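Position in the sequence shown (from 1) plus 439 gives the number in my numbering.
Hint data in this document are derived by calculation from the structure and do not stem from the laboratory.
A hint or two may mislead.
Claimed, not checked - Below, computed lysine to aspartate or glutamate pairings styled on EDC-like, alpha-carbon distance capped at 20 Å:
1) K546 - E536
2) K577 - E588
3) K590 - D543
Note that the structure is predicted; figures quoted are calculated from it, not measured.
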Amino acid sequence: MRRLFLFLSFILFVYSCTYGPYITTLGDEFSDTHEIAILNNYVDILNQTDVLEQVLVGTGNKHLKMNCTYKPDNDSGKITLVVQYWGSDWIFIRGGESLILIIDGEKINLTGTGSNNFRDIGKDGSNVREFSFYQISKDLLKKITYANEVKLKVIGDKGNILSKFNENNFNIYKEFYTTYVEIKE
């Protein structure tokens with residue numbers, strides 16, 4: 440499991456170096472399976488510290504991505520939301536119910552892996568990174584895709600992150616769903 444995490448972390452890191460969200464296929468020529476992924480999908484942080492304070496004091500350095508993977512080779516069409524947090528301090532994303540979505544006013548609690556086995560420190564030592572994985576249904580992905588508003592709360596032992604989808608997030612989810620997932624239904 441640890442090797443898989445390191446491999447996925449490396450792939451996500453390499454692909455996240457480009458600007459803006461995008462869709463790619465992950466896999467290799469030696470494997471019979473592949474997955475299609477939304478990467479670099481930054482969501483807007485709602486509880487970010489004041490911008491002036493960030494510049495003057497260096498606080499509030501928080502970023503959140505809500506990426507998504509789809510494995511069409513799997514009979515069940517496994518879909519996973521991949522929440523990636525990084526910032527100057529750990530939040531220690533909880534295992535279990537640690538992601539709450541509010542989709543057009545409807546509250547949905549999601550159960551995930553937590554970041555216990557999925558944490559690392561940046562090369563310069565000033566930033567930390569955490570991942571948590573949430574399996575979802577095609578119906579929930581469709582609901583996210585066609586929503587007017589999606590808000591998120593990531594729950595950690597040392598703090599929570601509140602965020603919401605912006606136009607770029609909705610656009611990439613629509614492209615992902617209509618191009619890769621919907622056609623498999």
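Going through the hints against the structure:
For the given pair, K546 sits about 13 Å from E536 by alpha-carbon distance, which is consistent with the 20 Å threshold. In summary, the hint linking K577 to E588 is supported, as the alpha carbons are separated by about 18 Å, within the 20 Å threshold. For the suggested pair K590 and D543, the alpha carbons sit about 9 Å apart, so the restraint of at most 20 Å is met.
The structure meets every hint from the earlier list without exception.
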